[in-house]
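**Q** The residues making up each chain are set out below.
Number of protein chains: 2
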Amino acid sequence: MRHAFASIEQNPYDRIADVAERLFADIGFQKTTIGDIAHELRMSPANVYRFFASKAEINNEVGRRLLAEIEAAVHVSIDHSASPSEKLRATIATIEKLNAQRFLSNQKLHELIERAFTENWPLVRDHVQKLDKLLTKIISQGQEEGVFHVEDCALAALLVRSACLRFYHPRILVEYSEEPEPTLDQMIEFCLAALA
Amino acid sequence: MRHAFASIEQNPYDRIADVAERLFADIGFQKTTIGDIAHELRMSPANVYRFFASKAEINNEVGRRLLAEIEAAVHVSIDHSASPSEKLRATIATIEKLNAQRFLSNQKLHELIERAFTENWPLVRDHVQKLDKLLTKIISQGQEEGVFHVEDCALAALLVRSACLRFYHPRILVEYSEEPEPTLDQMIEFCLAALA
Chain A
180 MRHAFASIEQ
190 NPYDRIADVA
200 ERLFADIGFQ
210 KTTIGDIAHE
220 LRMSPANVYR
230 FFASKAEINN
240 EVGRRLLAEI
250 EAAVHVSIDH
260 SASPSEKLRA
270 TIATIEKLNA
280 QRFLSNQKLH
290 ELIERAFTEN
300 WPLVRDHVQK
310 LDKLLTKIIS
320 QGQEEGVFHV
330 EDCALAALLV
340 RSACLRFYHP
350 RILVEYSEEP
360 EPTLDQMIEF
370 CLAALA
Chain B
180 MRHAFASIEQ
190 NPYDRIADVA
200 ERLFADIGFQ
210 KTTIGDIAHE
220 LRMSPANVYR
230 FFASKAEINN
240 EVGRRLLAEI
250 EAAVHVSIDH
260 SASPSEKLRA
270 TIATIEKLNA
280 QRFLSNQKLH
290 ELIERAFTEN
300 WPLVRDHVQK
310 LDKLLTKIIS
320 QGQEEGVFHV
330 EDCALAALLV
340 RSACLRFYHP
350 RILVEYSEEP
360 EPTLDQMIEF
370 CLAALA
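For the protein sequence lines, the chains are A and B, in the order given.
Counting from 180, one number per residue, gives the positions in the first sequence under the working numbering.
Counting from 180, one number per residue, gives the positions in the second sequence under the working numbering.
Treat identical chains as interchangeable: a pair holds within one or across any two.
Straight-line C-alpha distance at most 25 Å; calculated SDA-like pairs for lysine to any residue:
no.: 1; residue 1: Lys316; residue 2: Glu358
no.: 2; residue 1: Lys312; residue 2: Pro359
no.: 3; residue 1: Lys309; residue 2: Glu357
no.: 4; residue 1: Lys287; residue 2: Arg350
Rather than coming from a laboratory, the hints here were simulated on the basis of the structure.
With the hints as extra help, turn the sequences into a complete structure.
**A** Given below as structure tokens:
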């Protein structure tokens, strides 16, 4: 009963996103309609449209939440890493791990993320900008500590992200999952050598 | 007339592949049937099947020829490069340039190559193996000249290819063509720093 009350008190925006995420996981984001979401919530489609102007906005919000989970996990993994080199490795390794886990646990949710990356939805641009900022901060820290020696930390961050494309991009990492090499550790060592 | 005779004398395998490539460029590889190819050649479909067991084999042969053009251009560009660093840059730059040109000049042929890469057709595995061997040879040469210092030249070749994924992979390079950075030159400098 406590839980039921909490759910009633939750704001409608989050309730809609919660239900959408569940339906996306069950039947896929393309098959889920605003009508399905409204039906599950026992509200009218018109009420859903008060909070989301279109289905695309709901797709974007569910995708944003999924990437926010990855971002939160990255921050935890960085907090547990001592050196800039370890932080860099932890960032890419965590993104790869969570994307791979999602692909294995729910391919329908993974499809939403794949599509978002392929079509470069706004949530992906935000996510990638956050990742670039984080990598830039880690590389700057390494620069201050004398571990890295680069001219432009922001550019170095872009290069590391680009070099690690097959490990951080949700669709490409699935495509390359059958290719044993290079491993993520080998690629990180390569990047660390370039930064040193 | 000379040309017509030459064409008659050409072996049927190449004639079929020539016509298939032209039809693929005009209407796309998916819409082209064995019947269309036979009709253009004024031969029976059964005769086409004497040389290619399936449409998939024709797709593979046309794709192989397109990638062979890239391989030939890479070899020319390497012959014009003095140092191992320049050869490495020339290899990736030539692949990027020819893929981009094909995408701009004939998207239907580019689609065949994209599909071949996405589904990892045999011709792609051969092409990538050739590229890996070439990169390994260039890195070994740099190692002998004291420019590069790596433990394993074959692994270093894999890492360079992987780091340059957005420049050498026909589909991914199209997807990332709107992203101005990192440039190919920046990525090559990054790889050269890692190899040094």
